[in-house]
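Protein chains: 2
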Amino acid sequence: MSYILTRSSQISTPLKLASVLCGTRAQFNFLPTRLLSSYASRNITPKQVPYTSDSHPQFKRNKQFKKITPADIKHFKNILSTTGVIEADGVHITEEDLLPYNQDWFQSYRGNSKVVLKPRTVQEVAQLLKYCNQEKLAVVPQGGNTSVCGASVPVFDEIIINTSNMNKIRAFDPISGVVTCDAGCVLENLDNYLAERDYIVPLDLGAKGSCQIGGNISTNAGGIRLLRYGSLHGNVLGLEVVLSDGTILDNLSTLRKANTGYDLKQLFIGSEGTLGMVTGVSLLTPRRSKSVNAVLFGLNSFDHVQETFMNAKEKLNEILSAFEFWDESSLHYGQTLTAKNYRVPFDKKYPFYVLVETRGSHEDHDREKLDTFMEDLFNQGQIEDGVIAQDASQFNNLWSIRDSLGESWGGGMPIYKYDLGMPVPMLYKLVEMLRERLTQHGVLGPQGPAKDVTGFGHIGDGNLHLAVFAERYDQKLAALIEPYVFEFVEKHQGSVTAEHGLGIKNSSFIGYSKSPAMVDTMKRLKKVMDPNGIMNPYKVI
Amino acid sequence: MSYILTRSSQISTPLKLASVLCGTRAQFNFLPTRLLSSYASRNITPKQVPYTSDSHPQFKRNKQFKKITPADIKHFKNILSTTGVIEADGVHITEEDLLPYNQDWFQSYRGNSKVVLKPRTVQEVAQLLKYCNQEKLAVVPQGGNTSVCGASVPVFDEIIINTSNMNKIRAFDPISGVVTCDAGCVLENLDNYLAERDYIVPLDLGAKGSCQIGGNISTNAGGIRLLRYGSLHGNVLGLEVVLSDGTILDNLSTLRKANTGYDLKQLFIGSEGTLGMVTGVSLLTPRRSKSVNAVLFGLNSFDHVQETFMNAKEKLNEILSAFEFWDESSLHYGQTLTAKNYRVPFDKKYPFYVLVETRGSHEDHDREKLDTFMEDLFNQGQIEDGVIAQDASQFNNLWSIRDSLGESWGGGMPIYKYDLGMPVPMLYKLVEMLRERLTQHGVLGPQGPAKDVTGFGHIGDGNLHLAVFAERYDQKLAALIEPYVFEFVEKHQGSVTAEHGLGIKNSSFIGYSKSPAMVDTMKRLKKVMDPNGIMNPYKVI
Chain A
63 MSYILTRSSQ ISTPLKLASV LCGTRAQFNF LPTRLLSSYA SRNITPKQVP
113 YTSDSHPQFK RNKQFKKITP ADIKHFKNIL STTGVIEADG VHITEEDLLP
163 YNQDWFQSYR GNSKVVLKPR TVQEVAQLLK YCNQEKLAVV PQGGNTSVCG
213 ASVPVFDEII INTSNMNKIR AFDPISGVVT CDAGCVLENL DNYLAERDYI
263 VPLDLGAKGS CQIGGNISTN AGGIRLLRYG SLHGNVLGLE VVLSDGTILD
313 NLSTLRKANT GYDLKQLFIG SEGTLGMVTG VSLLTPRRSK SVNAVLFGLN
363 SFDHVQETFM NAKEKLNEIL SAFEFWDESS LHYGQTLTAK NYRVPFDKKY
413 PFYVLVETRG SHEDHDREKL DTFMEDLFNQ GQIEDGVIAQ DASQFNNLWS
463 IRDSLGESWG GGMPIYKYDL GMPVPMLYKL VEMLRERLTQ HGVLGPQGPA
513 KDVTGFGHIG DGNLHLAVFA ERYDQKLAAL IEPYVFEFVE KHQGSVTAEH
563 GLGIKNSSFI GYSKSPAMVD TMKRLKKVMD PNGIMNPYKV I
Chain B
63 MSYILTRSSQ ISTPLKLASV LCGTRAQFNF LPTRLLSSYA SRNITPKQVP
113 YTSDSHPQFK RNKQFKKITP ADIKHFKNIL STTGVIEADG VHITEEDLLP
163 YNQDWFQSYR GNSKVVLKPR TVQEVAQLLK YCNQEKLAVV PQGGNTSVCG
213 ASVPVFDEII INTSNMNKIR AFDPISGVVT CDAGCVLENL DNYLAERDYI
263 VPLDLGAKGS CQIGGNISTN AGGIRLLRYG SLHGNVLGLE VVLSDGTILD
313 NLSTLRKANT GYDLKQLFIG SEGTLGMVTG VSLLTPRRSK SVNAVLFGLN
363 SFDHVQETFM NAKEKLNEIL SAFEFWDESS LHYGQTLTAK NYRVPFDKKY
413 PFYVLVETRG SHEDHDREKL DTFMEDLFNQ GQIEDGVIAQ DASQFNNLWS
463 IRDSLGESWG GGMPIYKYDL GMPVPMLYKL VEMLRERLTQ HGVLGPQGPA
513 KDVTGFGHIG DGNLHLAVFA ERYDQKLAAL IEPYVFEFVE KHQGSVTAEH
563 GLGIKNSSFI GYSKSPAMVD TMKRLKKVMD PNGIMNPYKV I
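Line by line, the protein sequences give chains A and B. Throughout the first sequence, residue numbering follows my numbering, covering 63 to 603 in sequence. Throughout the second sequence, residue numbering follows my numbering, covering 63 to 603 in sequence.
Be aware that one or more of the hints could be misleading.
Which copy? The list can't say, so a pair holds if one copy fits it or any two copies do.
Okay, derived cross-link-like pairs now, DSS-like style, lysine-lysine, Cα gap no bigger than 25 Å in a straight line [claimed, not checked]:
#1 192 <-> 589
#2 136 <-> 538
#3 198 <-> 129
#4 491 <-> 402
#5 553 <-> 230
#6 128 <-> 588
#7 128 <-> 538
#8 198 <-> 479
#9 180 <-> 129
Note that these hints are calculated values from the structure, not bench results. These figures come from a predicted structure and were not determined experimentally.
My request is simple: use the sequences and hints to build the entire structure.
Next up, the structure:
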């Protein structure tokens with residue numbers, strides 16, 4: 063690393079960043095195609111995960127829902143042909159074969175569905191849903207199954223309708239940058255397609271190699287580019303959605319402005335498949351940036367993290383594309399619990415780290431802005447150390463550090479994990495207060511059961527990923543964490559789930575973030591859109 | 063103008079643009095406070111506008127709605143005190159006094175409401191709506207009354223609930239840039255407030271001096287900054303809304319990420335007050351740009367306009383903030399029908415004009431990008447002439463030209479006017495084809511009745527403002543324009559109203575842009591949100 067800044071050094075002349083950097087950020091591809099191998103690499107036997115119906119007895123199967131019969135399977139095969147129906151018959155296909163569809167990435171939930179349907183067209187989806195609605199068969203719409211709150215797996219025996227076979231890009235307009243595609247397009251494939259045309263998906267997240275755009279939209283995925291490109295509510299221009307009764311809502315507009323009545327598509331963004339199933343997508347995509355840079359800082363306090371963010375908004379302004387922070391403890395678990403191969407380019411440890419990414423159209427301009435920004439930070443004492451990536455390898459190295467933090471949540475240790483939205487000034491206060499609370503109660507430290515309280519996240523979006531790493535799940539510890547965390551969030555007008563969604567995991571906590579009137583209105587909408595309640599039941603509300 | 067480019071001249075060194083430019087763009091303030099004086103300046107007697115119930119006999123008053131009684135007025139005065147109730151009693155307050163509330167800017171519609179209510183708090187709005195719902199009194203939520211499709215005026219005797227007295231800024235967070243305010247804040251006032259804090263409203267439109275943020279949100283206003291900052295669906299973080307039964311939905315989140323259940327606020331963005339009344343707003347605002355530039359080009363063809371747009375997206379990329387185009391005919395009416403004082407800085411006329419605005423954080427960088435961009439355009443023959451504003455006065459001059467086009471629609475000549483969304487390549491084709499069609503039928507030319515077909519709009523948003531200027535309204539001419547225009551739009555998957563909305567004017571045309579299944583779903587939503595249909599009836603659907 064030749065561009066390390068220290069208090070005694072001068073900032074050197076900006077160095078060129080290879081243009082090949084665009085889009086070369088290394089992704090960790092998990093799930094679901096690699097689910098089993100991923101289990102293997104972590105020495106975890108998938109069978110260890112109990113059925114959700116056993117581990118979460120508070121969920122009761124809705125008796126209104128019919129249990130699937132051979133006649134239903136026959137009907138599905140008529141619609142999809144044999145290859146589109148994967149049935150666990152115990153002979154050709156076992157329960158274990160369906161594990162990648164029944165079980166979630168965090169291994170918290172395991173449904174007991176016996177059939178996975180893989181339609182290829184919106185008409186097939188419509189026929190399937192119409193039939194399921196008539197027969198009162200509950201369904202789970204599923205994309206890449208990378209949900210981390212159990213939104214994309216069945217709770218009981220719901221039929222899984224998986225969009226993996228709907229993976230065509232339908233159209234792209236190089237003037238407007240609007241792409242139209244099937245819901246089952248894998249995010250990374252879509253981004254690669256756009257990269258060839260000098261455009262970029264305005265969304266990036268760790269599961270990029272497996273998650274599908276339909277699932278991203280249904281969960282209103284946030285990720286690291288939200289700071290720059292905004293939310294999917296702004297970037298999705300049109301959706302094709304099938305309602306529970308088989309009605310196709312063809313709202314695949316490619317227009318940025320189209321005020322003709324209620325913007326129905328918005329309802330399906332983030333409703334986790336409970337109001338309808340997304341089958342097609344029109345997305346506004348920005349031009350790909352020619353110049354991409356990443357810098358890593360070591361900082362002494364969260365106040366300095368906030369000041370650095372303010373400074374970045376002013377000095378980097380239109381080229382700022384990500385602003386991520388993490389604490390020393392998060393880094394520790396990223397380093398010890400994942401197989402990521404990276405080097406932290408500082409000689410000493412810091413309480414906080416910040417990763418800033420810029421994307422612009424002019425390399426020299428961007429580097430000049432970055433230099434001014436860093437010089438200011440350094441002179442004002444907001445950062446202790448800093449490094450700028452000078453080639454693709456260093457760029458990927460810096461992002462690997464950030465990626466390892468999320469990956470460390472994927473198993474290896476019992477973790478109480480939270481994805482919270484809060485005003486930035488309160489963001490880290492919660493980590494500190496929870497740490498103090500658990501210490502005072504004697505449950506945090508080398509003696510356990512809690513080993514550490516950690517925090518990382520997206521400063522620019524007010525999004526904190528909070529975790530309590532523990533040596534075992536413990537009732538007393540759990541009772542000290544919850545509802546404390548949710549009450550703190552409620553007190554500060556935060557969100558109990560910022561970007562992960564409600565799913566199975568968080569649905570009972572909605573009251574901490576939404577008023578009874580809001581929840582009641584949601585229920586009335588659900589009733590009108592899905593009167594039989596067959597769409598992804600037991601989730602959201 | 064010293065920076066005029068001609069084919070024979072060389073591009074000179076970039077010149078400094080005064081930083082005072084930020085936010086100094088001259089606005090034309092119309093409506094409703096200046097409605098009457100505006101009528102006067104145009105020599106129009108407001109009384110000339112007939113009641114909508116007479117001019118549009120297709121609208122029938124819903125007999126379910128009660129007519130207002132003295133007891134109702136008394137009840138309103140109990141809630142609001144006397145000053146909050148403006149009643150046309152024929153003694154102290156005449157019908158003419160209520161004209162700014164009953165009549166729209168384009169003078170196409172005139173409601174016959176006898177009472178205007180001006181609440182100050184969300185609780186007062188809730189009490190009013192609860193009562194009106196119980197009594198089946200229809201209401202029109204109204205902000206600055208600058209709608210150009212009749213969305214903000216009554217059709218019959220609906221009670222007007224005007225938000226002008228709800229005009230407080232409630233909070234601003236300088237770290238996140240989130241502002242929370244009352245619905246009745248005038249857009250320009252809000253922008254001035256933010257300007258003092260180095261932030262900017264991510265929305266700009268001609269009616270800025272009169273329109274209110276609640277109305278902007280209720281109509282999903284687009285305007286000229288949408289290209290840069292995206293739509294309100296992305297920038298609105300939270301809303302406070304009162305439902306027809308008086309329920310307050312407190313969804314004033316200030317978070318960028320908050321996936322806790324259905325994103326209800328989205329339903330109220332663009333639904334023109336038919337689902338509920340917006341009373342409070344949380345808005346994500348970007349940092350104000352230090353460097354603002356405007357350039358005007360003369361071009362020979364619409365193909366060149368498109369190529370210039372592609373070039374701007376590539377070369378200006380992250381600093382591109384507006385890309386507006388107009389044809390020679392639009393300019394002619396802008397020059398002759400408005401009182402705008404500006405100079406077109408070219409020696410000759412061109413078939414097309416393009417106004418490009420950039421906003422960035424570094425003046426030298428921005429000017430260098432602009433120079434490269436213009437040099438390219440010039441060398442490739444995409445532009446014939448070009449000029450860059452060198453001070454605030456020249457900047458305002460260029461924008462005055464663009465503003466005059468919208469203003470020319472405000473009266474003076476009979477105009478058939480349309481606000482259409484379409485894929486960019488088809489945008490101007492419609493103007494050409496309509497011109498040809500009307501010529502072939504002998505209704506366009508010096509002999510009239512049509513004098514000219516004109517087109518201008520926002521290229522970056524695929525938004526065309528199409529107008530047929532005429533010497534008189536003519537049945538044969540009208541029949542040649544409609545449904546031809548709507549059929550063209552439908553054929554090219556366009557929108558019959560891009561940013562103006564449906565209101566009274568366009569509600570019957572929704573079928574050209576939305577399928578029966580979509581319209582049916584909207585109606586079901588309307589029913590569940592407003593069972594008695596009291597919210598802004600006869601509009602949208």
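Violating hint indices (sorted, rising): 2, 4, 7, 8
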